[in-house]
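Whenever a hint applies, use it, and build me the whole structure from the sequences.
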Amino acid sequence: MNEPGNLSRRRLLGTLAAGGVLAGLQSLLPVWARPLADAAVTRKGNAEAASMDLAIRRESIDIAGGRIAATTINHSIPGPLVELYEGQEALLRVTNLLDEDASIHWHGVLLPFTMDGVPGVTFPGIKPGDTFEAHFRVRQSGTYWYHSHSGLQEQTGVYGPLVIHPREQEPFTYDRDYVVMLSDWTFEDPHVVLAKLKKMSDYYNFHRRTVVDFFEDVNRNGLGATLRDRLAWGNMRMSPTDIADVTGYTYTYLINGLHPAGNWTGLFRPGERVRLRFINGSAMTYFNVRLPGLPMTVVQADGQNVEPVETDEFQIGVAETFDVIVTPAAPSAYTIMAESMDRSGYARGTLAPRAGMSAAVPALRAPPRRTMRDMGMAMKDMQGMNMEAAPENQTPMAGYDHGMHATAPADKSMAGMTMAPAAPVVARHGPDNHGPGNTGIPDMERNRLGEPGTGLEHTGHRVLTYARLRGITPVRDKREPSRTVELHLTGNMERYMWSFDGRKFSEVTSPVHFPYGERIRLILVNDTMMEHPIHLHGMFMELENGQDEHLPRKHTISVKPAERVSLLITADEPGRWAFHCHFLYHMKLGMFRVVEVS
Amino acid sequence: MKRMQIIRISLHVLAILLASLVVFRGAMAQDESNTGLDPLQRSYPRVYDTASGVPPGWPAPAGDADIYHFLLIDRLEAGFGGRENIIAWDAQGWIGGDYNKFWFKTEGEGAQGVTPEDAEIQALYSRTISPFWDFQAGARYDIQPSPERAHAVIGIQGLAPQWFEVDATAFLSHRGDATFRLDIEYEWLLTQRLILQPRAAINAAAQAVQELGLGSGINNSELGLRLRYEIRREFSPYIGVSWKKTWGDTAALARADGAETSSLYFLAGLRLWF
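Quick mapping for you: the protein sequence lines, in order, are chains V and W. Residue numbers for the first sequence follow my numbering, beginning at 1 and rising by one. Residue numbers for the second sequence follow my numbering, beginning at 1001 and rising by one.
For the record, the hints were derived by calculation from the structure and aren't laboratory data. Errors might be hidden in some of the hints.
[To be verified] Listed next, the stretches of chain W that the computed footprint assigns to chain V, with coverage defined by at least 3 CB atoms under 8 Å from CB atoms of chain V:
id, segment
1, 1058–1070
2, 1128–1135
3, 1149–1162
4, 1248–1257
[Unchecked claim] Dumping the calculated EDC-like pairs for lysine to aspartate or glutamate here, alpha-carbon to alpha-carbon at most 20 Å:
id, chain 1, residue 1, chain 2, residue 2
5, W, K1245, W, E1084
6, V, K198, W, D1066
7, V, K198, W, E1234
8, W, K1245, W, D1183
All of these numbers come straight from a predicted model, not from anything done at the bench. All C-beta atoms, glycine included, are put in the ideal place defined by N, C-alpha and C.
Listed below in structure tokens is the structure:
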């Protein structure tokens, strides 16, 4: 447990937030307008065993400023906070009150694979009217979440936060504790969204380049450069504005179930250390998160403690979590600003000393554009293109065995961050184009761990990069990997097809095999023009980001376009585990594999 | 007499559709076949699903072989100018998976208020052969002009570099005439919703087809420019111009017939998709 003195204070404050000031208000407001007291982590007590009932049902609720039949867990979206303690025997009972199959997957939680909740991989799914009991011993701590793994159910509301309190004292202190769960909500049937993408993949993109942009570019870069740029993109038949498949055109972005006007508010007393547990529970949306005027100290990533890193903004991929600590000193309100990566909308909340206060909401910044680097083009091909000139390490390495021992690029994010130099080329793509399901391959595969995420190249403030994540606990398994598995992230935006190695799940003939007990190096190469949040169930992946013995452990890794990343996995959890892109529609379309540890 | 003709035409169309569906279903079945057990599966008894290694009867974790469908009415328009005002349509659609689709196309044109001069329907099997291209084969049936005519069809359709939508097709009629058609479209975004679409279509024949007034070589062409406003992506009214011209022997035959060889139309129409 944490320091007892601190705990009682925290408990008091939590109770204040949860039951005191807001209790009267809450009963009057519809669910979507309530500053979710559930988001305050209250620490109900550390018993030997904990059990909780979750009921999934279809019901009409108020959300995102409208009313619609949605899929709730215990009558709310997001579902209730599942709070566990390390060392407990957990029993989570999931009852399906829908007229279709349902499921709940415990994202990032270590457990026997039969409890993992993936229909068609770990169990047959929960039939209508049935209850599934997930029981497991809690072996970890940190911030996680849970969500449906059945079809497109997650998009209709079946997700919620999961927090595990550690047995040992945490390497940081705080006075307040809030979950900040980000998500994307649409009033459209997700099957209709998917069908539209299949018919016209840029259906939701209203940031496409127009004739006006052409003339602006000519003005800025000259006619020759602009034409070369247009020809390069046209040759590949890809769009530099393809940042998000589904956008603010249909999505309302939520914080703890509240749309921007609902303004979820977390209370603090000036000078307190406030822990914010950011969880990206979106189906399709990356967010760039900042609190203008408040620096953040990142203390956990994917539930794993990291050396504290101070930053002003971070990008959170779908299914990732980041825990940050902020210390608001003034008795004023601070906006929690979560811009969708394509800048078609935002989720917004507030930290304030009193309910009802709010701060200015910054305007959306200009939509980002993909660059030739995202295409994996060689620099010589980029001369004169709409692209920052950058020095390049011209040493291509043939084999991936060298992988990431190439030095991580110098991190400029401390010094006002302009643009990281072009990351080192670590490999060239082989001859395999991966068939009709894949539109292009990058000539140059780069290590991009030191680069800020899309749209964060020129913010003028500090931005978190993967290269800066350093685990607190040293890597336990120091063996050299006995096996390398390489998978390419592939896709065809024109036909809206997504896969690994150009093959959809239904086209592969066997699971990916990790021999039990072996140390595996997993190489992911992104052949597409967009980021993909790749999630491995059941085991953490140690990201080879140059932090030597202190590699950060991730359950979900966002792989940038034309990037090659290397991950280490100890295959010590026997069973069948899902491995997939956490963009919901990409997973549904077959960017999915089963990893078998045996 | 007229009723008999309609019935006969309907039967023809039906036969073509059925034949295409049979071909299509065969191809789809091939898509689903996924045989061959992997040695890794042996650790699990009664395993049949090779991709996931799960027991029989469990659902698929990713429904990635679903069937989707699309119907695009690209042009539904009235043209004003030339010798007489015209109406025209051009629609196509598909139903299928990522690799195999049943594809149909129809287009036609005629003077306003009378039976169209030209009306055709195509039923095709479409196979994904590369990231941006489909190979298509099937049948075309000309309902007009009379006497009606059946063709075998072979072609490619897809997206060429620099974003040109291309449809290139060869036809062989049941009388042995070979004809060709090339259709190219481009889209220019003036704004996110205001879109200018140039289009070029060329028809050619390998030999003269006297009945239809066609010479060999390039017969006719159409250059069009349509400006649409996407009220929704699926629904956009447009205005435009279209310049139609006949060439070579076809033009000579037209002139001899007293018909125009070049006409300019102003267009108003609707573009819809579902």
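Okay, the hints, checked on the actual structure:
| no. | hint | in the structure |
| --- | --- | --- |
| 1 | 1058–1070 | holds (count 10) |
| 2 | 1128–1135 | holds (count 5) |
| 3 | 1149–1162 | holds (count 3) |
| 4 | 1248–1257 | violated (count 0) |
| 5 | W:K1245 <-> W:E1084 | 15 Å, holds |
| 6 | V:K198 <-> W:D1066 | 11 Å, holds |
| 7 | V:K198 <-> W:E1234 | 14 Å, holds |
| 8 | W:K1245 <-> W:D1183 | 15 Å, holds |
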